[in-house]
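A.B. asks: Chain by chain, the residues run as shown.
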Amino acid sequence: MWQYNFMHNALLAVLLVSPLFALLGTMVVNNRMVFFTDVLGHSALTGIAIGVLLGFSDPTLPMIVIAVVLAVSINLLKGVTKGSIDTVLGVLFAFVVALGIVILSRQGGFVKYTGYLIGDILAVTPKQIGWFFLIAAVVLVYWHICGNAMVLTSVNPSLARSRGVNTFLIETSFTILLAIVVIVSIRLVGILIINSLLVLPAAASRNITRSIYGYTLWAVIISIFSGITGLILSYYWGTASGATIVLIAAGFYAISALLGRRLNK
Amino acid sequence: MVNTCGHCCTKVEDLTVKFGDNSILDKVNLHVNCGEVLGIVGPNGAGKTTLLRTILGEVPYQGRIIYRLEGSASKKPKIGYVPQKLQFDLSSPISVADITAAAISHYPVWGGIKPDILEKVKSVLSLFSAEHLLKRRVGELSGGELQRVLLAIAMTPEPDLLLLDEPASGVDVKGLSLFYQSVDDLRKKYDISVILVTHDLTGVAGFADRLILLNRSIIAEGEPKDVLAKAGNKNVAV
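Protein sequence lines, in the order shown, are assigned to chains A and B.
Quick note: the first sequence uses the working numbering, first residue 1, plus one each step.
Quick note: the second sequence uses the working numbering, first residue 266, plus one each step.
Hints were generated in silico from the structure; no laboratory data involved.
One or more hints might be untrue.
[Stated by the list, open to error] In silico DSSO-like links for lysine-lysine, alpha-carbon gap of 27 Å or less:
| id | chain 1 | residue 1 | chain 2 | residue 2 |
| --- | --- | --- | --- | --- |
| 1 | B | 387 | B | 350 |
| 2 | B | 343 | B | 387 |
| 3 | B | 276 | B | 453 |
| 4 | A | 78 | B | 283 |
| 5 | A | 78 | B | 350 |
| 6 | B | 341 | B | 453 |
Hey, can you work out the whole structure from these sequences and the hints?
C.D. replies: Right, dumping it as structure tokens:
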């Protein structure tokens, strides 16, 4: 299978994207943002629709703009709302999906866009890989500079502020970064399952670790391993790569849940 | 009563905080001297935590908060803050070493804690006999253990003003007297001012130098026993 160029590209994309998703996922799971990132992923439908309406040949830019605006708005809303914003997220989820489908399905044209729903890693281009490389570098630098501030903010925002952390800046910049990474990866894994790729490695790692270092390390290992195994299996099975990767990661989650019970006994 | 340097370190003048049309704090005036413990009691919703959050700079306010440090009236003080509780998922894989290292160093904890930072973390925790908790997950700690860890973090670097939010909640009697003892030692040793928000009337009476009864505005202020007597007379449930 490695005689094909597209498999080389796909492998490179997996090696770049999976650790990135694992890293971001650790904070998404710690901060209880799982539903939030699902809304971001699904906002891609509205982004594509607006791109089509405005005549963009590549809708990536409108997709990113919609997701970033949504992410920042939800973050602002969280600051002024007392209690959970679960319901608001549910409403936004329904709205962005419905709006996207309504616009894209005019005159029965939705079938053209179903590729976005499940994605295609094998179609990744060297130019896209270049972008992923750049984004991975940005996330690594961000994680290095803001990692501790993010940990403190997730534990107690007031405590973080008493240590000089600008929690609003941290939360906003993190959600913007998250929106960009999720949107640019959608062509690879698809709207339907992109959130699982973000959540599963971190959720699995969390079951079996007791420190931030272990949490991050195992999330990255599980994510890369699921990525490579899923890619290879999808080649032999003739299945969608993104979904196959997610299935492997879900298997890891199940194993970690069982192991975690034993470790915590 | 402790011998303090006598200088007023923190002064709050006509502090008013409003959320919309709702007044949470109304023209509150108070001061804390160096080495002094000021207790704040009051019913739920009296604005006690809002007062601490305002001093931390989280809440917009009208009025003035003035600090006087080493003769200068404008310098921003170092504030140590011990929150009432942590608002995170208790099963999170965050260890005591992680949270301490994240607070006292810039080197990112997700890459592992470097040996020199780990040594510093141990020495910080040992201030409050908490070094044995190093590898425990924060979510597994008892109320008293968590407070010792948070106090150790708040004391590093040594602050000018220490804010304690409800240290009595979730802590048993023994843990609480250990906590008060530690804070008492600190203010004597470092001459720091302490503002303590609490529901524990018995404990605070023997510990604070002065007490304020707050219910959106200041109802009574003075010696702990006098304030508590007034609270009883005014029938304010604290």
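A.B. asks: Going straight from one Cα to the other, do residue 343 of chain B and residue 387 of chain B come out at no more than 27 Å?
C.D. replies: holds, 22 Å
A.B. asks: Tell me if the straight-line CA distance from residue 387 of chain B to residue 350 of chain B falls inside 27 Å.
C.D. replies: With Cα atoms ~22 Å apart, residue 387 of chain B and residue 350 of chain B stay inside 27 Å; holds.
A.B. asks: Next pair to validate is residue 341 of chain B with residue 453 of chain B; report whether the Cα-Cα distance is within 27 Å.
C.D. replies: At roughly 22 Å apart (the allowed maximum being 27 Å), residue 453 of chain B and residue 341 of chain B satisfy the hint.
A.B. asks: For a C-alpha distance cap of 27 Å, please report whether residue 78 of chain A and residue 283 of chain B respect it.
C.D. replies: holds, 19 Å
A.B. asks: Hey, residue 78 of chain A versus residue 350 of chain B, does the alpha-carbon distance stay inside 27 Å?
C.D. replies: holds, 20 Å
A.B. asks: Between residue 276 of chain B and residue 453 of chain B, is the straight-line Cα distance small enough, at 27 Å or below?
C.D. replies: holds, 20 Å
Checked against the numbered hints above, the structure violates none of them.
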